[in-house]
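Residue numbers (my numbering), protein chains in the order written: chain A, 1 to 349; chain B, 1001 to 1501.
Any given hint could turn out to be false.
Negatives, chain A to chain B, calculated, CB over 10 Å [claimed, not checked]:
#1 40
#2 56
#3 162
#4 167
#5 210
#6 212
#7 223
#8 226
#9 305
If you anchor each label on the Cβ, the simulated ranges turn out as follows [to be verified]:
#10 A:229 / B:1383: 48 to 54 Å
#11 A:146 / B:1346: 24 to 30 Å
#12 B:1116 / A:189: 26 to 32 Å
#13 A:146 / B:1347: 21 to 27 Å
#14 B:1375 / A:327: 48 to 54 Å
#15 B:1361 / A:315: 46 to 52 Å
#16 A:225 / B:1382: 34 to 40 Å
#17 A:207 / B:1396: 38 to 44 Å
#18 B:1347 / A:142: 27 to 33 Å
#19 A:138 / B:1057: 27 to 33 Å
#20 A:105 / B:1392: 58 to 64 Å
FYI, nobody ran anything at the bench for these hints, they're computed from the structure.
Just so we're clear, the structure is a prediction, and the values are computed from it rather than from any experiment.
Glycine included, each C-beta is placed from N, C-alpha and C at the ideal position.
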Amino acid sequence: MSAVVAPPEPRGTRADVRSRRLTERVFRARESGIVAVLVLFVAVTAAIQPRFLDSSNIQFVLVNTTVFALLALGETMVVVSRNVDLSVGSVLGLSAYVSASLFGSVHGISVMVVFLVGIAIGLVCGAANGLMVAAGRVPSLVVTLATLYVIRGIDILHVGGGEVVASTLPSSFTNIPLYTVLGIPYIAIAVAVVVGVGAYYMRSFRSGRELYAIGSNPEAARLAGIRVGRRVFTAFAVSGAIAGLAGVLWAAQYQTIDSSAGTGYELQVIAAVVVGGVAIFGGSGSAVGAALGALLLNTINSALNVLGISSLWVEAIAGFLLLLAISLDRVISVRLATALRSLRARGGA
Amino acid sequence: MPTEPVLVLRHAAKSFGAVQAVADASIELYRGETHALVGENGAGKSTVVKMLAGVHQPDSGELIVNGTAVRLSGPADAQAAGIAVIYQEPLLFPDLTVAENIYMGRQPLRRGRRIDAAAMKDRVNELFGRLGVRLDPDRICRGLSIADQQLVEIAKALSLDATIIVMDEPTAALSAVETARLFEVVATLRAAGAAVLFISHRLEEVFEICQRVTVMRDGRQVLSQPLAGLTAHDLVRAMVGRDIAERVATGRPAAGEPVLTVEHLTREGVFIDISLQVRAGEIVALAGLVGSGRSEVARAIFGIDRYHAGRVTVNGRSLRAASPSAAMAAGIGFVPEDRRQQGLVMEMSVQQNVALASLRRLRRAGIVTGGLERRFSADWVARLQIKYGRLTDPVASLSGGNQQKVVLARWLARKPALLIIDEPTRGIDIATKSQVHGLLSDLAGSGVAILMISSELPEVLRLGDRILVMREGRLVAEFARADATEESVVAAATGQLAGAR
């Protein structure tokens, strides 16, 4: 590049400020963009069908989103490190069945213990994924595609033709999604806090930043002395544990659990993560964005429902929105690259 | 000059398989000096750099840092020993900020082991202040120029308190202004007491900023002394050193009609205004340093890469840009530099690889059978004396030299009018090498036009009827076979122009 370099100037000059503002603006835009689309969608839908803003509907959407927002948090940690976890749907299914069936088999078991069992199941599955990816050097796409089927297979063998039915579940468990404060479900708030903590960890702790570094340039990460294997293993283990937790929540919400619970969720979660601005090849994006992506996709589903649009259309529209999000992301990153380059050329030094 | 060197590499040797990359390398670095390491392509400079970076471990010899013998078993060890390596193209995290790139894994912390972003930014600003450069710590690294990326790496070296800074051809991709700024930074580092090992092909830069020089040739140190009193000519002679290689008796008929005509070919930032001609029965050798743009010109002619301006004509017909299939249809064969990555399909069999570029001719009713491939390839395999087990063995099972012959066979089978061959004998043994040389010579004798890129001077001088030299993306010299000497070619390639056209 034959940049015209200006003579040294004092720090904090125009070019500096401009570049900072530009990058800040774009990074904020990723999340605020989703919020804007969300607001627009809600407004349009509510204008056509005011019933959409009924508190029962809002609660329904929020509760539905909790499972996906949690999964999106785990998936974000994995995707940011330039990996992917396709097994989350199967992990959720296994955890949902095994944990909920405990109420029938162990009399008077506490809800807390059931949650811990679900998380433990997820942790084991996630650790197995992580081990194969990090130590076995097998691409995560292949490993988790395999465990998607293996875990679902274990689930099916274990469940057989049976199912857990609502009558075997204690009310202390089935009521979890029903508690609200100011009309907002408790679990939505709890999940929002968990996602927020996860995002903060990824932003402000060395090990969190190292996930971004690994995804941004694995070779450079290795040269910088980052323990790549350990970090990637941890990301998968956490993603698994979170999927286990989401499984228990799923059981509390749906209350009838057979071996098909969570089938296909992995792709919906990845869609949410991508819509939420996490780069699919790693290095950038936040869990908050991913959770907002999950909220957006759930809101769209619900809106199409409320508007009486045939459910046949729902998937096609969701897919179209995904394409839109990806194109937007691409446009933004190309624009950003050009802007940063020209800034260099003009601002110099 | 202080008496105690901060780094001593003594009689280091390193082999990769049968290839001895470094036979006997020795360097002494002192505080506050900029020390040049020069040598031809393949002289072993890069291997020495990688030894100092902890990427390779010497097979024998010793490395002493600050008076203590050390063994660097990885990049982290080199870092701990105070050695920082700035590569020609730094490895950064494009999605992360400048500050994070510098402090990744070592970020300053505040209460609760959280990253202290403000402190990190202050420290980075302080580092840039010491270097006398201005870069925004909060900016992400994507889109930074190579020069700025190097500055990020230098700031990182500084933050690690590195006392030994190795720069591997840092100026190769820099503009004149950026180079000048880098040299100021190097002077700053030197004044602060660091020892800088500066690797460059540009001798004028060596004289500009270095105090001492070490010359390597064929993996050995051949000269190490203060630069004062030396001339560029002395360095070139030390770099080349060996006896002038014997020439192949030509005995070939004079070259015929132009087959390939390239006019003003330009690919921005890669090569500029390249005009050349290759005639039937002629071998034109394209010499120059690695990175001077030779391979890129070849790739553009064959249509693998696009070019921004200029024209390529084959046998009087203008060739469509950026279309390898058009180039093949026009009768061009292309043997790329890296046969494993670009030349061969390693998992496919010998016969499939030979037949790969001739499938259109081989098919019967649109179907290519193994039998057809076998009959077709057996002929060529025999003519080139390729050693193999069975024709159906994967080509990966062959030796490097025989693999190269398979690539050659593939293109010869198409009876090309023009063969472009990039590094025809890299990494193959001497016996096969001379076979390949004989083959190319025979080919030219049968009227094929050959454009050969080679980093090996003896090869260039032996085979080239004409020798073109590229430097920094431009053609800088042309020699007739009779006028070319190793010294004149090296001089042209490194910018010490003696016999320019």
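Verification of the hints:
1. No Cβ of chain B comes within 10 Å of the Cβ of residue 40 (chain A); the nearest lies about 29 Å off, and the non-interface call holds.
2. No Cβ of chain B comes within 10 Å of the Cβ of residue 56 (chain A); the nearest lies about 40 Å off, and the non-interface call holds.
3. Once the 10 Å rule is applied to beta carbons, residue 162 (chain A) is consistent with being away from chain B; the minimum gap is 47 Å.
4. A cut-off of 10 Å between C-beta atoms confirms that residue 167 (chain A) is not in contact with chain B; the least separation is 46 Å.
5. With a least CB separation of 7 Å from chain B, residue 210 (chain A) falls inside the 10 Å interface cut-off, contrary to its annotation.
6. For residue 212 (chain A), the condition that its CB be more than 10 Å from all CB atoms of chain B is violated, with the nearest at approximately 6 Å.
7. For residue 223 (chain A), the non-interface assignment is contradicted: its Cβ lies about 5 Å from the closest Cβ of chain B, within the 10 Å cut-off.
8. Its closest Cβ contact with chain B, about 6 Å, brings residue 226 (chain A) to no more than 10 Å, contrary to its assignment away from the interface.
9. With a minimum CB-CB distance of about 37 Å to chain B, residue 305 (chain A) clears the 10 Å threshold, and the non-interface call stands.
10. Between residue 229 (chain A) and residue 1383 (chain B), the C-beta spacing of about 50 Å keeps the proposed range 48 to 54 Å intact.
11. The beta-carbon spacing between residue 146 (chain A) and residue 1346 (chain B), approximately 26 Å, falls within the hinted interval of 24 to 30 Å.
12. Between residue 1116 (chain B) and residue 189 (chain A) the beta carbons are some 30 Å apart, a value that agrees with the proposed interval 26 to 32 Å.
13. For residue 146 (chain A) paired with residue 1347 (chain B), a C-beta distance near 23 Å keeps the hint of 21 to 27 Å intact.
14. Taken as a hint, the range 48 to 54 Å holds for the pair residue 1375 (chain B) and residue 327 (chain A), whose Cβ atoms sit roughly 51 Å apart.
15. Taking the beta carbon of each, residue 1361 (chain B) and residue 315 (chain A) are about 48 Å apart, inside 46 to 52 Å as hinted.
16. About 54 Å separates the C-beta atoms of residue 225 (chain A) and residue 1382 (chain B), a value inconsistent with the hinted range of 34 to 40 Å.
17. The hint said 38 to 44 Å for the Cβ distance between residue 207 (chain A) and residue 1396 (chain B), and at roughly 40 Å that hint holds.
18. In this structure the hint that residue 1347 (chain B) and residue 142 (chain A) lie 27 to 33 Å apart at CB is violated, the actual value being about 18 Å.
19. Between residue 138 (chain A) and residue 1057 (chain B), the C-beta spacing of about 28 Å keeps the proposed range 27 to 33 Å intact.
20. Restraint check, residue 105 (chain A) to residue 1392 (chain B): a C-beta distance of roughly 59 Å satisfies the suggested window 58 to 64 Å.
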